[in-house]
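Visitor: Line by line, the protein sequences are chains A and B.
Okay, so the first sequence: first residue is 2 according to this note's numbering, each after it adds one.
Okay, so the second sequence: first residue is -6 according to this note's numbering, each after it adds one.
A couple of the hints might just be wrong.
Below are the DSS-like pairs computed for lysine-lysine, each with C-alpha atoms no more than 27 Å apart in a straight line [said to hold, decoys possible]: (1) B:Lys402 / A:Lys8; (2) B:Lys4 / B:Lys26; (3) B:Lys288 / A:Lys18; (4) A:Lys90 / B:Lys4; (5) A:Lys102 / A:Lys65; (6) B:Lys286 / A:Lys11; (7) A:Lys22 / B:Lys288; (8) B:Lys437 / A:Lys90; (9) A:Lys33 / B:Lys26; (10) A:Lys46 / B:Lys437; (11) A:Lys65 / A:Lys22; (12) B:Lys92 / B:Lys320; (13) A:Lys4 / B:Lys92; (14) A:Lys22 / B:Lys320.
Distance windows between CB atoms, simulated [what the hints assert, rightly or not]: (15) B:Arg15 / A:Ser49: 34 to 40 Å; (16) B:Ile173 / A:Tyr95: 29 to 35 Å; (17) A:Thr12 / B:Asp445: 52 to 58 Å; (18) B:His91 / A:Asp24: 43 to 49 Å; (19) A:Lys11 / B:Asn360: 40 to 46 Å; (20) A:Glu61 / B:Lys147: 54 to 60 Å; (21) A:Thr12 / B:Glu393: 51 to 57 Å; (22) B:Tyr150 / A:Ala98: 36 to 42 Å; (23) B:Glu393 / A:Val83: 29 to 35 Å; (24) A:Thr12 / B:Pro186: 37 to 43 Å; (25) A:Pro85 / B:Lys147: 15 to 21 Å; (26) B:Glu395 / A:Ser49: 43 to 49 Å; (27) B:Arg119 / A:Val83: 18 to 24 Å.
Not the full set, but computed from the structure, chain B residues with beta-carbon under 8 Å of chain A [to be verified]: (28) Leu188; (29) Glu296; (30) Phe343; (31) Pro346.
Calculated directly from the structure, the hints in this document are not laboratory data.
Every residue gets a Cβ at the ideal spot worked out from N, C-alpha and C, and that includes glycine.
Here's the letter readout for the chains.
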Amino acid sequence: MFKILIKTLKTGRQTTKYPEKPDIPSAGFRGKTELAAEKCTYCGKCVSACPANVIRQNEENGEKTLTVSYCGCIFCGRCEEVCPNGAIKLTQEYELASKTKEDLLAGIRRNS
Amino acid sequence: MTIQYLEYIKKEFGSQVLEEKRSHNEIYITVRKEAVVKICDFLYHHFDAPLISIFATDDRKKTGCFGIHYVFSGKEDAFIIIRINIDEKDPKFTSVTHKIPAANWYEREIQDMFGLTPKGHPDPRRLMNFEDWADGAHPLRKDFDINTKPPRVKGEYVYRRVEGEGVYEIPVGPVHAGVIEPGHFRFSVAGEPILNLEIRHFYTHKGVEKLFENMSIDKAVFLAERISGDNSVAHVVAFCQAVEKINGINVPLRAKYIRTILMELERLYNHTGDIAGIATDVAFAFGAAHANKLKEQLLQLNEYVTGSRLLRGMNAVGGVRRDIVDKRERILKELSLFRIEFRELMELLFDSPSVSDRIETTGRIYNDIAAGLHVVGPVARASGIDRDVRREHPYAAYHELEFKVPVYKAGDVLARTQVRADEVYESISIIEQALSHLPDSDIKAGVTEIKDGCAFGYTEAPRGETIYWVDISNNRIERCKVRDPSFCNWLAIEYAVLDNIVPDFPIINKSLGLSYSGNDM
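Work out the full structure, taking the sequences as your base and the hints as a guide.
Guide: This is the structure in structure tokens:
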């Protein structure tokens, strides 16, 4: 009994003040994917590498689009690995909860 | 050693052997369908070689037949695979379950997935295809399209019944109070003592093995990694090792060491979490809180080392994707602090009468039951089975590191807790050794071309041996058979609860540490 009490007092409070105090992930953390419109060449390498098939590329009326959906993203980082131009990167951001699927869709476009 | 097994089998059953093929530590022996029970029985009883998997393949395009493979784990790192061919026109084979009880679920799985009937099976009910699934729809046949939605039909599942004065049934599940996956438990009780338990699973069968078919190798790595959430590393490494074996890829030594470290980190947080669960279920809230705190520290360490709390995204065919070069000091420091705190906690746990009262002699799995069902992992080692894939079939860097395999005989919840606690210390020691001898080399071998072929990959997951058999053709997965440890261990719970009282069921269940997801693929 005393041992338990001592251990409890020694341990103290372990919880953190999240979300008032932000919880910053480790350096290697793979979070939300971000696209850089100016670097992307629409080569489609990320599209074919994505194991979850959440990167889509389209071309309509001369406009190229590339979208990523965070709904099904497994944050494996294969897109970042295969991109020859560094146009797609996984960031440290992880608070992705949203009310609609549309909010979980990011995209870039270019007119050719 | 593989050659010796072959010679013995040829000497005993010469005329029954049709074909033999050796590659690495695997020997494939194709035999006549009629002789398979005798040959399996010979391997199992004469050589004490445990049956570790049975799986079927649909080779109708190549050979015009279905194939069934019986996989035995032999001595000196040998795998003996007995293979039979089954003609589509006569889709039956003789069941070996009455000789080798461990064959039970495998044969029923083959019956559902391939439509091949095990003749003489003691329990020929469906296992994975539920009663509303149409007759004749067998998902793993190659002519079954992955997008097929068979019509729902009417049917009934008949449970075993225990009858007598004062005998009641308690149905539990498939929806449970906690946020866990579905499974049905049908208890027959007389008062509190449990007379019989029948489990029913596979409510959320995901068709993972079908998903693997025709998948490219680099994508399949991530599917393997996500089959059983908390055993990610064990699954992905087993898969990668199978592919590397087929292609003769020499994984750099440094990558092997890093894989070993990752696998032991996985064991650490799983075992700590299981001990937390056991403490919760005996209402030892203090112990549960502390064990959960320790588990959280480990998860944060995982994130520091790999960027992922569940150690994901590190493995690839050929090695690992990230180095852990500058992380050595912090890992060592945190683990040495963890060891002190863990030891303190375990002393408090085992010294507490309110805990030992509940876990001693509770949920016994006797040695003969564990051996008969081929129970694996810490559960087997708590029932006196001295088996660990890390030692029996060494992989990654385990043959270069020293570790003990703790074995207890009692087979109760206490023994299972002790095995896990002992393994925690061993895991820490393995990580320390691996970090201090971390060789200098690349972390990933270049993979230029994927060859056709098949091979086994295997790891000792926190729950026990995880076995992959991968068959590659034209850069794509032809067949990937996954055998998760829980597939072996679930049936043991039906024996573990006998003569125990209903209120002890949760603690027995927790002590077995079973996975729904890994089982229900």
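Visitor: What hints, given by number in increasing order, does this structure fail?
Guide: 1, 4, 9, 11, 12, 13, 16, 18, 20, 21, 25, 27, 28, 30 and 31
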